[in-house]
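Novice: As they're listed, the protein sequences go chains A and B. Just so you know, we're using UniProt numbering here: the first sequence kicks off at 1 and counts up by one. Just so you know, we're using UniProt numbering here: the second sequence kicks off at 1 and counts up by one.
Since the hints were derived computationally from the structure, they do not count as laboratory data. Where a beta carbon is used, it is the ideal one built from N, C-alpha and C, also for glycine. Check before you lean on any hint, since a few could be wrong.
[Stated by the list, open to error] Pair by pair, the computed Cβ-Cβ distance ranges are:
1) 173(A) - 301(B): 50 to 56 Å
2) 27(B) - 39(A): 48 to 54 Å
3) 185(A) - 227(B): 16 to 22 Å
4) 589(B) - 90(A): 51 to 57 Å
5) 459(B) - 173(A): 31 to 37 Å
6) 3(A) - 564(B): 20 to 26 Å
7) 223(B) - 185(A): 35 to 41 Å
8) 174(A) - 549(B): 29 to 35 Å
9) 187(A) - 27(B): 55 to 61 Å
10) 459(B) - 77(A): 44 to 50 Å
11) 305(B) - 174(A): 21 to 27 Å
12) 108(A) - 457(B): 18 to 24 Å
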Amino acid sequence: MLKDFQTFGRDLFLAGLNSSHSGNLSVRCGDRIVITRRGAMLGHLEERDLIETGLDKNDSNIILASTEIRVHRAIYKGTAALAVVHAHPVHAIALSLLEDEIIPLDSEGAYLLHKIPVLSAEHTIGSQELEEKLPSLLKEYKIVMVRGHGSFATGQLLEEAYQWTSSLENICRIIHITRALKGEVKDKRSSKYKEW
Amino acid sequence: MGFCGWFGKTLRVNLSTGIITEENIGQKVLSDWIGGRGIGAWVVAGEVPACCDPLGEENKLVFATGPLTGAGVPGAGRFSASAKSPLTGTILDSNAGGRWGIRLKKNGYDMLIIEGTSAGPVYLKIEEGTASLHEAGDLWGADVRETNDKLKDKLGNETSIACIGPAGENLVKFASVMNDGHRALGRGGLGAVMGAKKLKAVAAKGSRKVEVANKEKFDFMIYEAGKWLKANPITSQGLPEFGTPVLVKLFNALGVFPTRNFQGSQYPDALNISGETIAELMTAGRKGCYGCPVQCARLLKTKTGTTLGPEYESIWALGPECGIGDLDTIVEANHLCNQLGLDTVSTGVTIGCTMELEEKGIFNTGLSFGDTTGMLRAIKQIAYREGDGDLLAEGSRRLAERCGAGQYAMQVKGLELTAYDPRGLQGMGLGFATSNRGGCHLRAYMAGPEALGVPKMVDRFSAGGKAGLTITQQNVSAAIDSLIACRFINLAVSEEYFARILSAVTGVDYQTQDLHRIGERIWNLERLFNLREGFDCSHDTLPPRLLEEPIQEGPSSGSVVELKPMLEEYYRFRGWNESGVPSPGKLRELGLEDFKC
Numbered sequence: 001m002l003k004d005f006q007t008f009g010r011d012l013f014l015a016g017l018n019s020s021h022s023g024n025l026s027v028r029c030g031d032r033i034v035i036t037r038r039g040a041m042l043g044h045l046e047e048r049d050l051i052e053t054g055l056d057k058n059d060s061n062i063i064l065a066s067t068e069i070r071v072h073r074a075i076y077k078g079t080a081a082l083a084v085v086h087a088h089p090v091h092a093i094a095l096s097l098l099e100d101e102i103i104p105l106d107s108e109g110a111y112l113l114h115k116i117p118v119l120s121a122e123h124t125i126g127s128q129e130l131e132e133k134l135p136s137l138l139k140e141y142k143i144v145m146v147r148g149h150g151s152f153a154t155g156q157l158l159e160e161a162y163q164w165t166s167s168l169e170n171i172c173r174i175i176h177i178t179r180a181l182k183g184e185v186k187d188k189r190s191s192k193y194k195e196w
Numbered sequence: 001m002g003f004c005g006w007f008g009k010t011l012r013v014n015l016s017t018g019i020i021t022e023e024n025i026g027q028k029v030l031s032d033w034i035g036g037r038g039i040g041a042w043v044v045a046g047e048v049p050a051c052c053d054p055l056g057e058e059n060k061l062v063f064a065t066g067p068l069t070g071a072g073v074p075g076a077g078r079f080s081a082s083a084k085s086p087l088t089g090t091i092l093d094s095n096a097g098g099r100w101g102i103r104l105k106k107n108g109y110d111m112l113i114i115e116g117t118s119a120g121p122v123y124l125k126i127e128e129g130t131a132s133l134h135e136a137g138d139l140w141g142a143d144v145r146e147t148n149d150k151l152k153d154k155l156g157n158e159t160s161i162a163c164i165g166p167a168g169e170n171l172v173k174f175a176s177v178m179n180d181g182h183r184a185l186g187r188g189g190l191g192a193v194m195g196a197k198k199l200k201a202v203a204a205k206g207s208r209k210v211e212v213a214n215k216e217k218f219d220f221m222i223y224e225a226g227k228w229l230k231a232n233p234i235t236s237q238g239l240p241e242f243g244t245p246v247l248v249k250l251f252n253a254l255g256v257f258p259t260r261n262f263q264g265s266q267y268p269d270a271l272n273i274s275g276e277t278i279a280e281l282m283t284a285g286r287k288g289c290y291g292c293p294v295q296c297a298r299l300l301k302t303k304t305g306t307t308l309g310p311e312y313e314s315i316w317a318l319g320p321e322c323g324i325g326d327l328d329t330i331v332e333a334n335h336l337c338n339q340l341g342l343d344t345v346s347t348g349v350t351i352g353c354t355m356e357l358e359e360k361g362i363f364n365t366g367l368s369f370g371d372t373t374g375m376l377r378a379i380k381q382i383a384y385r386e387g388d389g390d391l392l393a394e395g396s397r398r399l400a401e402r403c404g405a406g407q408y409a410m411q412v413k414g415l416e417l418t419a420y421d422p423r424g425l426q427g428m429g430l431g432f433a434t435s436n437r438g439g440c441h442l443r444a445y446m447a448g449p450e451a452l453g454v455p456k457m458v459d460r461f462s463a464g465g466k467a468g469l470t471i472t473q474q475n476v477s478a479a480i481d482s483l484i485a486c487r488f489i490n491l492a493v494s495e496e497y498f499a500r501i502l503s504a505v506t507g508v509d510y511q512t513q514d515l516h517r518i519g520e521r522i523w524n525l526e527r528l529f530n531l532r533e534g535f536d537c538s539h540d541t542l543p544p545r546l547l548e549e550p551i552q553e554g555p556s557s558g559s560v561v562e563l564k565p566m567l568e569e570y571y572r573f574r575g576w577n578e579s580g581v582p583s584p585g586k587l588r589e590l591g592l593e594d595f596k597c
């Protein structure tokens with residue numbers, strides 16, 4: 001398990017999807033959660049950076065767990081996810097400040113994610129509001145953007161949740177570049193995914 | 001309210017009284033259990049009395065379609081049948097493709113419940129919403145092809161037939177129900193249930209339209225499915241070109257292709273029986289379910305004509321599992337099983353077990369590994385219960401136990417294992433051990449993540465993290481089996497797709513997670529049924545060979561199944577106690593608190 005956390009934590013950092021100390025990862029093991037330590041550097045995870053605590057119940061380990069633990073718990077309780085990746089992809093964050101939903105322009109993005117909803121919340125870090133709103137969106141979408149904050153992705157494995165995070169950022173970079181070119185987008189397929 | 005996708009109707013046929021009735025099904029029942037395996041489990045668990053004889057009058061046989069059946073969704077032309085299994089004593093469902101399910105549904109019925117026992121052989125005719133029972137003495141004793149031909153001559157070519165062969169009539173514990181000539185409800189002995197009820201066949205013909213709630217969304221989802229099926233090499237290249245035998249070379253190379261009753265895990269001449277060789281030497285055409293673009297069935301040339309080719313599991317069971325590598329013999333054996341109405345997997349594994357008992361001097365039948373003539377003879381003896389075939393017809397567990405050598409039966413809960421050695425696929429081991437219908441690979445299909453990389457490749461030798469993944473796979477499979485859709489399509493399109501097209505067809509809002517929850521409800525109800533019938537955690541196990549004897553050679557050598565830690569984690573994850581009993585809280589959460597076990 002440590003190897004998976006190290007692989008995907010490092011890749012998230014190196015791909016620019018997180019800054020040095022941001023983001024968190026978790027997996028569900030029955031009624032337990034293993035989540036990264038509060039303030040851990042995802043690019044350099046060690047055994048001591050993985051914190052195991054209850055899905056429902058707290059124990060003393062809770063004081064070391066990521067600030068987003070309550071959101072991760074809510075996602076596991078509200079969905080069938082076995083892994084969650086929370087990241088801060090910059091192009092996606094920028095786009096989330098302008099849009100209510102992100103519709104991929106590229107075919108790979110459309111194939112994989114179709115549409116990414118953007119959730120607005122007054123408080124965005126470790127917040128009760130996210131705890132309440134995110135699981136219902138993640139019942140329907142693989143990844144959700146929290147406006148101005150970051151992404152939450154789910155999967156059966158960390159690799160899956162990492163893939164959706166990476167795809168989201170790619171989608172957003174393509175949108176940024178396309179808009180910067182200021183030309184007319186000739187491929188209209190993306191309009192279909194508004195109804196996804 | 002009006003129904004879309006479903007018709008909201010059950011046809012109930014009592015063979016003891018001859019009374020045929022039509023009943024309404026409530027919207028909530030349909031929403032909660034969907035159809036197929038789910039609604040079948042709901043009927044069997046609710047109506048079949050505790051500890052009844054599976055071959056007695058009290059057992060019921062439930063044929064169920066799903067809301068996608070007949071709606072024009074690729075891979076969703078399937079139907080299922082459920083009952084208490086005569087082979088295992090567990091709850092059982094089995095599903096098949098072809099056209100029969102669509103033709104039953106197009107009579108305006110989501111479900112057909114058969115109960116009671118007829119005094120003499122009969123067949124049931126269902127045509128444009130009208131059902132009637134007919135005397136079938138002239139069909140009794142006929143094989144599957146003859147039964148089909150005779151009934152089609154009488155009822156017309158647009159009629160689909162689901163029937164039993166001699167094996168079902170003779171109550172072989174693993175007799176199949178065959179539909180549309182070559183499709184099988186293979187596992188667990190549903191053919192024997194039909195035989196015990198003296199029901200030779202059910203003929204269906206119908207033309208009612210299945211209404212779709214949101215046509216625009218539906219059309220878009222069909223477009224999406226086409227895109228995904230084309231983009232995935234499994235559904236766009238592997239299966240269309242080679243059929244399921246495409247798996248032979250792959251699993252043999254991994255060293256998880258069992259041979260000689262699981263004594264070995266690689267077959268030296270696997271290439272000779274592989275999808276590639278079949279495509280080169282024997283394939284004469286492709287066939288498949290109505291409306292499916294994959295068309296994964298193979299039409300093969302044989303010395304005597306053409307036949308629909310053996311699938312991966314059948315090639316293995318009637319081949320390397322019995323030490324046989326002659327393709328012509330395997331094809332002939334498969335054809336024989338289909339005509340006699342026998343499950344190819346249980347037939348092959350039971351014969352393989354017999355061969356090992358002979359090898360060890362425990363049961364003297366003269367049937368040795370590699371004996372092609374002996375195997376073909378044994379298949380006929382099983383179907384007609386002649387000579388030693390009478391004991392083999394009881395399945396490998398009863399056979400081996402009666403010889404005082406139960407450890408040589410490669411089965412779980414009485415159902416023979418399939419073509420994957422779980423010692424090299426740890427999650428498959430957990431999936432086999434916990435399967436509610438016994439040794440079935442499809443309940444979880446952990447070979448997906450462990451060998452095919454679906455949804456992602458995981459370490460096949462590691463027991464870590466397999467419990468959660470197995471549970472997710474089991475829950476999703478239960479939901480997909482209820483829609484009821486093809487697993488191959490599910491390799492290319494996710495449950496997210498199925499939730500969306502289910503919403504488009506029915507007008508009921510389903511999200512991906514709803515399918516997970518429905519699957520979990522079905523899984524727990526099946527578990528409750530089994531607990532009621534006397535199964536407990538001691539039955540969630542594997543044959544001793546797989547737990548104690550490491551694979552001797554090849555890429556999986558040195559491995560055994562690390563079942564205990566996976567099973568402990570599995571129970572905790574499911575919300576069951578350490579004895580494998582669902583907690584009251586879990587049952588409340590799933591709305592199952594009223595079921596008595």
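Novice: Any of the earlier hints contradicted here, and which numbers?
Specialist: Hints 4, 7, 8, 9, 10, 11 are the ones this structure does not satisfy, whereas the remaining hints hold.
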